[in-house]
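Chains as they are written, first to last, in UniProt numbering: chain D, 1 to 425; chain G, 1 to 425.
What the hints contain is simulated information worked out from the structure, not anything from laboratory work. Do not take every clue at face value.
No more than 25 Å apart at the CA atoms, straight line, and that leaves these computed lysine-lysine pairs for DSS-like [said to hold, decoys possible]:
#, chain 1, residue 1, chain 2, residue 2
1, G, 197, G, 182
2, G, 84, D, 3
3, G, 3, D, 84
4, G, 263, G, 197
5, G, 162, G, 241
6, D, 117, D, 3
None of these values were measured; they are calculated from a predicted model.
Number of protein chains: 2
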Amino acid sequence: MMKLEMICTGEEVLSGQIVDTNAAWFASTMMEHGIEIQRRVTVGDRLEDLIAVFQERSLHADVILVNGGLGPTSDDMSAEAMAKAKGESLVENREWRQHLEDWFTRNNREMPVSNLKQAMLPESAVMVDNPVGTACGFRVKLNRAWLFFTPGVPFELKHMVKEQFIPFIREEFDLDAKVALKKLLTIGHGESSLADKIEPLELPEGITIGYRSSMPHIEIKIFARGEKAIALLPRVTGHIKMVLGTAVVAEDKATLAEEIHTKLLNSGLTLSVAESCTGGMITSQLVDFPGSSSYLQHGLVTYSNESKVRVLGVNPATLDDHGAVSIPTVEEMAKGARAILDSDFALATSGIAGPDGGTEEKPVGTVAIALATRSGVYSQMIKLPRRSRDLVRSLSAAVAYDMLRRELLTEAVIVDYQSIGRFSK
Amino acid sequence: MMKLEMICTGEEVLSGQIVDTNAAWFASTMMEHGIEIQRRVTVGDRLEDLIAVFQERSLHADVILVNGGLGPTSDDMSAEAMAKAKGESLVENREWRQHLEDWFTRNNREMPVSNLKQAMLPESAVMVDNPVGTACGFRVKLNRAWLFFTPGVPFELKHMVKEQFIPFIREEFDLDAKVALKKLLTIGHGESSLADKIEPLELPEGITIGYRSSMPHIEIKIFARGEKAIALLPRVTGHIKMVLGTAVVAEDKATLAEEIHTKLLNSGLTLSVAESCTGGMITSQLVDFPGSSSYLQHGLVTYSNESKVRVLGVNPATLDDHGAVSIPTVEEMAKGARAILDSDFALATSGIAGPDGGTEEKPVGTVAIALATRSGVYSQMIKLPRRSRDLVRSLSAAVAYDMLRRELLTEAVIVDYQSIGRFSK
């Protein structure tokens, strides 16, 4: 099997001044082609570090994608380091020098002398074209590995990987790309509790399971490698969904908001939202998607009691008798938000996100949630003790979305989730 | 000099399914303490890869922070790999087993058997406490290096680095901690335009400048190393602020929302928000902070025209004559939101976030913003062409916050930002 590694260069990546999105993009693009990266090394702009890492990793990998350090400034030294690592000199690549001169002429600019450096490649390098920038790519064979040098500018990297790198490794290593992936989105279960349920299953050969925590969700990834495993993927997925029950809330979606958005978009159905403790989170996550205006009518973040009365028409006596965090209040909030524009659905939340504001009867993490429809209202009051303010809010939003999702599927709206408690009515 | 490296583990980080924000956070936190990372290696969940990287890097570094792989599932194998790398066995740490049992008892849950694994540490390991999770940290000496193992959950990592790791390296390597840092938050300028203004300044010895892009903000970090430089830091900061003018919107705050929250908290002043294109972002960013209920009365995300009329009292004729994205509409939205609860201030936004919905007259990126006060209303219509939907929304929220910030300082509410255009009224 071909061993692929990545070397990321640049002080700003190593020092955390920028998050390395190139690395994540490259790895997930390779995954989609069925190729796993074995290791990624990130180094700064020090010549001796670069030489050392090229020499060292070229003993272990078959292909190494090197990203960054091809620019015109003094801290761009990938080509020089590669030449030194191989013990050869830098020579001017005529073709690229011509390309640079043409590029600057086309852009009506004079070429700074510093850009000439970008045409200097290690003697044994094979040039790799970059039609979208001034940094020339190249590849060099050292020890076991092909080192493939790419620019740090994201769209130049992407272009070069798609147009040059992938065809190159396909050809060079005769790759078989048969891989499939299914993602299940879950809420209300810890990673270990999900694993305890899944790990006893006997999975067919070629099928592996991964977990990714992205609170309030945990995503389960089912990888299938090879045609036989891919054919079995739907059956395995069905089995896992059965075992996990209400924990699974979406397939191949990143969040419940995306699932709701997809279901409501162009459905002709409309939604209103009244939020207290979730503070705009439910609304905001939907507005993130273009086209949400087709179904989302308004989201009313009625943080104060006065606003619940004035904007949503909650009865002041309800607030007095039951408090803002109560089933009667949140039901009136949902009904009020729905009635203003006669929406098909309205979601409402009211709770104590913390860290302060809890009482013995209603501690921090108590959240009332309601869904109003044209025919009635569903509500529950959940318990999320010992969660951070942010997690109380994001879990509450997830439960609210799930109530609506289940209503849209005409399933029971209120269900138990393993790690989420509930007050009896 | 102490050589610090980082090893990130986890298939989901290596494969790019998640961007490695832990790595960026750790590196920039170390930078703030005056310590540079030399190299970062990212490996997946394969035992032999982990063993190889521990053995190899322990020959080169003095301290290696290892992140991830301490969970209860079968793909968490950092402790096992470390034990194998050192040729010793895993033994149960009684103290941590007790901690786990107490943790689950306190949370009224039965401990899954899989969690027992989290108490198994390499024989020579020194346990490192994790008061905020079930993953036990530890450190092991191998060859030249101390390998320091930390959980992958971001807030557990952060807690352990601050409370345990930094004191440990301080003590072990006798580090000189004389470093100070000032952060300036900016909006409306590109990084190169900020650098063009700052780089001509002659900075005293020991003072260096860093930039961090966290859209819609760019943060400028002014590091001072040594007592002399620290003493000069206020003067240098003042000079840079003068040179940058309206670009600087806060000091030592991560976002403008945090600056507004700090100013309004317990001020006795109240705020209402009416959002259209920003879709709850302004409200939601404030609700993120505990205590925001002391000033935030409500945030009305009036996405549809009907909602602007019914909830905010916008005149239908205004919408007909000028459209939803217009100065008159956004002014009525702000005045309406303020009037409902007689708030001191109200912010309103209405714009075209894209990718669709633009016209020749009002292209994607056109956003009207208003601030209503007890004495009047300020408004402007800005142009944000060629920005993503998300950036149009976050820049609009930032400009709205800045209008309120400037009003609270009794400065001119509407000012020019270099990279943000504006329609003339």
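Consistency of the hints with the structure:
1. For the suggested pair residue 197 (chain G) and residue 182 (chain G), the alpha carbons sit about 18 Å apart, so the restraint of at most 25 Å is met.
2. Simply put, residue 84 (chain G) and residue 3 (chain D) have alpha-carbon atoms about 23 Å apart, close enough for the 25 Å limit, and the pair holds.
3. Only pairs whose Cα atoms come within 25 Å are accepted, and residue 3 (chain G) paired with residue 84 (chain D) is accepted, the gap being roughly 24 Å.
4. For the given pair, residue 263 (chain G) sits about 29 Å from residue 197 (chain G) by alpha-carbon distance, which is inconsistent with the 25 Å threshold.
5. As the CA atoms of residue 162 (chain G) and residue 241 (chain G) are separated by approximately 30 Å, the hinted pair breaks the 25 Å bound.
6. Note on residue 117 (chain D) and residue 3 (chain D): the hinted pairing is violated, with a Cα-Cα distance of about 31 Å set against a maximum of 25 Å.
Violated hints, listed in ascending order, are 4, 5 and 6; each of the other numbered hints is respected by the structure.
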